[in-house]
Amino acid sequence: MLPPDRPDKATDFNDLHQLAGGGLDAVQFCFAGAIESISYFASYASDTGADSHIDPEPMQTVATVQSVTDRTESTATPETTECGGAPPLSASPFPHMDGRPRYVVLDEWAKAVDGNHRPGVYYCGLTAGKKDSPPEPFDAWICSPLHIDAVTFDGQSNNFGRLLRFKPTVGKWREWAMPMELLAGDGAQLRGELLAMGVELDPYKARQQLPHYLQNEHPKRPIHCALQVGWCGDSFVLPDAVIGPKSAGVIFQSGELGHEEHTQAGTLAGWREGIAAKGVGNPLLMLAVSASFAGPLLQRCNSEGGGFHVVGDSSTGKTTLIEAACATWGGPGFKRSWRATANGMEGAAAMFNDCLLALDEIS
21 MLPPDRPDKA TDFNDLHQLA GGGLDAVQFC FAGAIESISY FASYASDTGA DSHIDPEPMQ
81 TVATVQSVTD RTESTATPET TECGGAPPLS ASPFPHMDGR PRYVVLDEWA KAVDGNHRPG
141 VYYCGLTAGK KDSPPEPFDA WICSPLHIDA VTFDGQSNNF GRLLRFKPTV GKWREWAMPM
201 ELLAGDGAQL RGELLAMGVE LDPYKARQQL PHYLQNEHPK RPIHCALQVG WCGDSFVLPD
261 AVIGPKSAGV IFQSGELGHE EHTQAGTLAG WREGIAAKGV GNPLLMLAVS ASFAGPLLQR
321 CNSEGGGFHV VGDSSTGKTT LIEAACATWG GPGFKRSWRA TANGMEGAAA MFNDCLLALD
381 EIS
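So for the sequence shown, the working numbering puts the first residue at 21; every next one is plus one.
These are calculated hints, taken from the structure and not from any lab test. A portion of the hints provided could be inaccurate.
As the list claims (entries may be wrong) - Okay, derived cross-link-like pairs now, DSS-like style, lysine-lysine, Cα gap no bigger than 30 Å in a straight line:
1. K298 x K338
2. K240 x K225
3. K355 x K298
4. K192 x K266
5. K151 x K187
6. K192 x K131
7. K240 x K266
8. K355 x K338
9. K187 x K298
10. K225 x K187
11. K225 x K192
12. K187 x K131
13. K225 x K151
14. K150 x K225
15. K240 x K192
16. K225 x K131
The task is simple: from the sequences and hints, build the whole structure.
Laid out in C-alpha cells, this is it:
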C-alpha cells in the first residue's frame, strides 16, 4: 500500500511517517486509498455474483479425439436488450480445454464473443506445452461443412465406406457414399473428388486432418451399398436414386464423380407423346423402346440377357432407334460405341448392369 513516490529509505509506515513531508497525513492517505479499492472490488463481486476464489481452468492434453460435435442453428430464442438493441453474442462454439482435442462442424456463420467463425469443419486442439508455458487451445479450419451420417458396406460385409453430407460452394446439400479405400496413401484422390463436388478444402490442414476426421467418427446408422447400378436385394439402384420398399437402407457407392449417364429430364407425358406414340405402326421403334425396359425384368424372370443388331444403310434411322431407347434411361450421353477395347467394353457392361447397353456404329 506504500505510494510509489515515497522516499527511497521508507520501507514501512513508520519510515513514511518520519521521512515524508506529510507525517501522519501521508500514512492516513495510503490507508484511505486501500480501503476504497477493497470496497470497489467487494461491490463488483456482489453485483456480478463472482466467487472470491476461482479455480483456474484445468489444462490437460487428451491423447485421442473424443467425438465430433455438430453445431447447427441454435434452437434458443435470442434475447434482446431492454432498449431494443441487437441480441448479445453467444459463447464460443468451440470446446473448453478439457474437451479437446475434438472436431466441430459449423453449418452456418457463428458470431461469438471470440469473433466470427466461418462455416466448416474445425479441429480444436491444444499446442504442446513447454516448461514455462502450459498448452494453449487452437481452432484450425479444415474444410467447408462436411458431416458423416452413416457407415456403408456391401452384402458380404466388405467395401466399407462413409455416407458424407456436405454443402457445395453453390447449391443445396448433397450426399456421397465415399469408399474408405480412397483414404489409402496421401488421400489425394479423395481430396480431388471432394473439390470437384464443391467442397472447399484448406490446402495444408486438409491433407493431415481430413483423413483423421473421416476415420474418427463411427456413425451408428448402417447402410448397404451397391457398387454398381441394378438390383440390390429388393431395391433397384441408380447413381442418384434407389427404387424399392427398402430404398432408405441402400445407396450407390462409387469412388468416381461421373455417372452422368443416368439423367432425368422432361416429363412422363412428354415422353409418351414425343417417343412412345411414334412407335404405333413402326415395329423397329416399338422394338427399340420395348428393349430398353427389358433389362430390369431379366433377373426377376431368371432369364439371361441378349441383344438386337439393327443393320441397314447409312441415314436410315439406326442411330435414331438407339437414341429413342436411351431416352428411357438418360440423354444422348447414355449410348456407347462399339469402338472400344475389351476391357473398356467390360467396364461399360458393368456400368449399365440390369439396364440397357446401347452401342452405336459397328464398322
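Hints and how they fare:
{"no.": "1", "hint": "K298 x K338", "result": "15 Å, holds"}
{"no.": "2", "hint": "K240 x K225", "result": "27 Å, holds"}
{"no.": "3", "hint": "K355 x K298", "result": "21 Å, holds"}
{"no.": "4", "hint": "K192 x K266", "result": "25 Å, holds"}
{"no.": "5", "hint": "K151 x K187", "result": "43 Å, violated"}
{"no.": "6", "hint": "K192 x K131", "result": "23 Å, holds"}
{"no.": "7", "hint": "K240 x K266", "result": "18 Å, holds"}
{"no.": "8", "hint": "K355 x K338", "result": "13 Å, holds"}
{"no.": "9", "hint": "K187 x K298", "result": "42 Å, violated"}
{"no.": "10", "hint": "K225 x K187", "result": "19 Å, holds"}
{"no.": "11", "hint": "K225 x K192", "result": "25 Å, holds"}
{"no.": "12", "hint": "K187 x K131", "result": "20 Å, holds"}
{"no.": "13", "hint": "K225 x K151", "result": "27 Å, holds"}
{"no.": "14", "hint": "K150 x K225", "result": "23 Å, holds"}
{"no.": "15", "hint": "K240 x K192", "result": "25 Å, holds"}
{"no.": "16", "hint": "K225 x K131", "result": "23 Å, holds"}
In this structure, the earlier hints numbered 5, 9 are contradicted, and the remaining ones agree with it.
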